[in-house]
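Engineer: Residue numbers (our numbering), protein chains in the order written: chain A, 1 to 197; chain B, 198 to 875.
Honestly, the hints are just simulated from the structure, not real lab data. Backbone N, C-alpha and C define an ideal beta-carbon position, used for all residues, glycine too. One should not assume that every hint holds.
Straight-line Cα separation of at most 20 angstroms, PhoX-like style, residue types lysine-lysine; simulated pairs [to be verified]:
#1 60/A - 723/B
#2 135/A - 575/B
#3 127/A - 578/B
#4 135/A - 578/B
#5 764/B - 715/B
#6 133/A - 123/A
#7 123/A - 618/B
#8 135/A - 123/A
#9 575/B - 133/A
#10 111/A - 123/A
#11 405/B - 463/B
Restraint ranges, calculated between C-beta atoms of paired labels, are given here [as the list claims (entries may be wrong)]:
#12 515/B - 168/A: 41 to 47 angstroms
#13 148/A - 534/B: 25 to 31 angstroms
#14 58/A - 716/B: 16 to 22 angstroms
#15 534/B - 154/A: 25 to 31 angstroms
#16 123/A - 515/B: 40 to 46 angstroms
#17 229/B - 143/A: 54 to 60 angstroms
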Amino acid sequence: MTLSRRKFLEQLALVAPVSLPAIKSWAEQQQGDSLAGRGATGTLRDPSVIGRPRTPTDHKENDSEIQAIEQQLACNCGCTLDVFTCRTTDFSCTYSPALHREVLALRNEGKSAREILDAFVGKYGEKALMAPKPKGFNLWGYLLPGTAIGAAAVALLAVLRRRAAIAQTAEPTPVPPVHASPDELARLQRALEEVND
Amino acid sequence: MTLLGQFALWAALLVGLWCVAIAFSGRWQDQPELARSVVRSVYAVFGCLAVASIALWKGLISHDFNIEYVAAYTSRNLPSYYIFSAFWAGQKGSLLFWAVVLSLFASAAQLLTPRRYAHLMPYVAGVTAAVIAFFVSVMLFAADPFERMGFTPADGRGLNPQLQNVGMVIHPPMLYLGYISITIPFAFAVAALLSRRLDGGWIQAIRKWTLVSWLFLSIGITLGMWWAYVELGWGGYWAWDPVENASFLPWLTMTAFLHSVMIQEKRGMLKRWNFGLIFGTFLLSIFGTFITRSGVIASVHSFTQSNVGYFFLAFLVVICVLAFTLLYTRWPLLEADVRLESMVSREAAFLFNNLLFVGIAFSVLWGTLFPILSELVKGTKITVGPPFFNRVNVPLGLLLLGLTGVGPLIAWRKASTANLKRQFIAPSLAGVVTLVGLLALGLRDLYAVMALALAGFVTGTIVQEFYRGIRARRRMHGESAPLAFGRLIGRNRRRYGGYLVHAGIVIYFVAFAGMAFKREREATLKPGDSIEMQSPFGHTYRFTHLGISQYEALNRVVSAATVEVTKDGRRAGLMTSEKRQHVDSFKRPTFEPSTEVAIRSGLQEDVYIVFAGAVNGTEEAVYRFNLNPLVWWVWFGGLVLVMGGLVTMWPGGGPVMTGPRRTHADSYQVTLVGAGEP
Chain A
1 MTLSRRKFLE
11 QLALVAPVSL
21 PAIKSWAEQQ
31 QGDSLAGRGA
41 TGTLRDPSVI
51 GRPRTPTDHK
61 ENDSEIQAIE
71 QQLACNCGCT
81 LDVFTCRTTD
91 FSCTYSPALH
101 REVLALRNEG
111 KSAREILDAF
121 VGKYGEKALM
131 APKPKGFNLW
141 GYLLPGTAIG
151 AAAVALLAVL
161 RRRAAIAQTA
171 EPTPVPPVHA
181 SPDELARLQR
191 ALEEVND
Chain B
198 MTLLGQFALW
208 AALLVGLWCV
218 AIAFSGRWQD
228 QPELARSVVR
238 SVYAVFGCLA
248 VASIALWKGL
258 ISHDFNIEYV
268 AAYTSRNLPS
278 YYIFSAFWAG
288 QKGSLLFWAV
298 VLSLFASAAQ
308 LLTPRRYAHL
318 MPYVAGVTAA
328 VIAFFVSVML
338 FAADPFERMG
348 FTPADGRGLN
358 PQLQNVGMVI
368 HPPMLYLGYI
378 SITIPFAFAV
388 AALLSRRLDG
398 GWIQAIRKWT
408 LVSWLFLSIG
418 ITLGMWWAYV
428 ELGWGGYWAW
438 DPVENASFLP
448 WLTMTAFLHS
458 VMIQEKRGML
468 KRWNFGLIFG
478 TFLLSIFGTF
488 ITRSGVIASV
498 HSFTQSNVGY
508 FFLAFLVVIC
518 VLAFTLLYTR
528 WPLLEADVRL
538 ESMVSREAAF
548 LFNNLLFVGI
558 AFSVLWGTLF
568 PILSELVKGT
578 KITVGPPFFN
588 RVNVPLGLLL
598 LGLTGVGPLI
608 AWRKASTANL
618 KRQFIAPSLA
628 GVVTLVGLLA
638 LGLRDLYAVM
648 ALALAGFVTG
658 TIVQEFYRGI
668 RARRRMHGES
678 APLAFGRLIG
688 RNRRRYGGYL
698 VHAGIVIYFV
708 AFAGMAFKRE
718 REATLKPGDS
728 IEMQSPFGHT
738 YRFTHLGISQ
748 YEALNRVVSA
758 ATVEVTKDGR
768 RAGLMTSEKR
778 QHVDSFKRPT
788 FEPSTEVAIR
798 SGLQEDVYIV
808 FAGAVNGTEE
818 AVYRFNLNPL
828 VWWVWFGGLV
838 LVMGGLVTMW
848 PGGGPVMTGP
858 RRTHADSYQV
868 TLVGAGEP
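All chains, please: the whole structure from these sequences, using the hints.
Structural biologist: Here you go:
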């Protein structure tokens, strides 16, 4: 049986509106990857190589107060980073996400930033803070460098003042006579003028 | 080859000890053949260590996984340039690298030092050989790079993914070169004290070495910042980590020395202080090695904890005691030639500059060691992180920046009121105009505003110095401005190279200030989803997640998340951040998945995207987006600083006489009062 070209196009026009969405849906199911801008989310070929599965972030992750609190808390995985930096950088760390959840829980209880920091110090000790509180012995940690430099500067000033005073009262050092030709003296004069400019 | 390597290490140790024994016995002073033997043994040590190094490289290249070091740091599918750099990636290899480079520098010092310092050279050979012998002993008794295992694994573990970065191929050697080359000035200082030849000769002999060392440290630190920025993924470049601090400490004291040595050269002052600075710098370089290798302080950069730390601690104590005892015994011989004449002088400014450099070094050292001290005193552990260091050091850094501008404006010996007025008016005006402009723009971050205003002041100083120099040359020689600029630098490289270094420092500070305004945001995006961010410069960025693709590369499985970026509505391009699972040649995972950051660098700001992971194995991706202002300028500042350093140390460059009297004026030189150097 032969089908004329006209007949074929007429039948296609009838079938197309019904079948095209079905074909499109079938095609989307077949392909694993999503298409940009369509909002569809495909599955990854091998999720195991991408690290710890993530949970979607919400607005609290970007809350500047939460971030500020977490930047004052040390992660206890041994990375030397703060909780915020660690949880947004070292994605294999399991400590910082847990500490982040603790911060959120305390925040939900209505605690202030100060109270949250105190709660962490109470639970984990003073090492939970990225910098020790300037109290007691730790106050020395903050004050000693500045104090030492200040004291050294005062001592240096005193020594310099004394030596300068001695130098001013001392007999001026005799200047040996200069044996230079007029040409050399003229060049020296020009060089000095250049510097004085 | 391992047998040959171990034999070479033993030979290096024995020859080194011979060199030390003869050099410090002093018997070479009567017997010239012994003096020659001392010097030649330095070359022999270099030969032995070169053989040992070739043996280790041979093991690395031939994948001899029976060698513990080769199995720990390489794998069959590791790219060849990382196999090359694996030499210094681990504790044991880096010790050998240190020893062989030091023996090379020691040989170069013997070869290149002018004959007029021949009386110092056997002592220099003895000191360098002692340091080399120490490193070789550590290898032979605690960290043997040629140690074989009882079995041969089919493949090695491979190199840590964070070390698989071009920055890590260059950055550690640069830092090592800086650390290692400090030994040469230290050796000359000890030699000068031992020989009691305490004129300015040793200072002249080490000038190039101190600059080389400072230059390598500067390059190493800047490359380290770059590596941290592109590889660690936390969005910054300096975290006051103990190992970062350890590299910064000798840089600070060496910079102090480069300034104070000018006072000794010009005025014959600060002789004792300069010895102290050189000793301190060497000790800090060994201290840095101790910190990195002992595990005494937690750091992301340190090698695995091992007992080599005890060796370094003992070495540090012994060297400290010997060096300062030697200095003490020569104390009366180190009187200053002249006294300070005025408090308002370049010398006084340099003294305060030195005070600040050493003060900052003390402050950084104090912060680095404070956790240990606090634990000893209070019995409780504390963390000393960036908030502590920023609080203590930023004000000191700003003071130092201010002095960078003040120093060159004050005349040597004594500055008059008229001179001060003439010198300070334009730079101060530049600083004030910058300050007012920043406040008018609405900037309120105290430290950032101060840093930028002081940067304006120092820039004013530098521009004024160049302007006056060029104007004088044009007037005297009728040169065009570009020619006068070139010749101004060429004829006084030390002074104007120094100003270029100052310009690099100013650029650094401006860039550091920029980070006070960085923007950061986390987001979870499905393919097609977008978020917008406003940059501190007022640009609007839109980030659209396109999807995640997975593919295999040479030694890793890559998951690449791609983002389309638009800036102010115009397409800026695609950026891809990756998760990499490294595997060995049998496709077995070797390390935890690592992150590869996407960075688009611009003069105003960097777009910095980190792919944190995927939600439930889908293409829904979690990102961190950063807009980091002025980061490009950190690298540019580093470049300017290094260029300035190179200009300063380039040979020649003294004043060139022109005209008919040139032939018999070669030895004629006038030291101009007030025409000092930075």
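Engineer: Taking the hints in turn, state whether each one holds.
Structural biologist: Hints, verified against the model:
no.: 1; hint: 60/A - 723/B; verdict: 19 angstroms, holds
no.: 2; hint: 135/A - 575/B; verdict: 12 angstroms, holds
no.: 3; hint: 127/A - 578/B; verdict: 6 angstroms, holds
no.: 4; hint: 135/A - 578/B; verdict: 15 angstroms, holds
no.: 5; hint: 764/B - 715/B; verdict: 17 angstroms, holds
no.: 6; hint: 133/A - 123/A; verdict: 16 angstroms, holds
no.: 7; hint: 123/A - 618/B; verdict: 60 angstroms, violated
no.: 8; hint: 135/A - 123/A; verdict: 19 angstroms, holds
no.: 9; hint: 575/B - 133/A; verdict: 14 angstroms, holds
no.: 10; hint: 111/A - 123/A; verdict: 15 angstroms, holds
no.: 11; hint: 405/B - 463/B; verdict: 17 angstroms, holds
no.: 12; hint: 515/B - 168/A: 41 to 47 angstroms; verdict: 46 angstroms, holds
no.: 13; hint: 148/A - 534/B: 25 to 31 angstroms; verdict: 29 angstroms, holds
no.: 14; hint: 58/A - 716/B: 16 to 22 angstroms; verdict: 19 angstroms, holds
no.: 15; hint: 534/B - 154/A: 25 to 31 angstroms; verdict: 27 angstroms, holds
no.: 16; hint: 123/A - 515/B: 40 to 46 angstroms; verdict: 44 angstroms, holds
no.: 17; hint: 229/B - 143/A: 54 to 60 angstroms; verdict: 58 angstroms, holds
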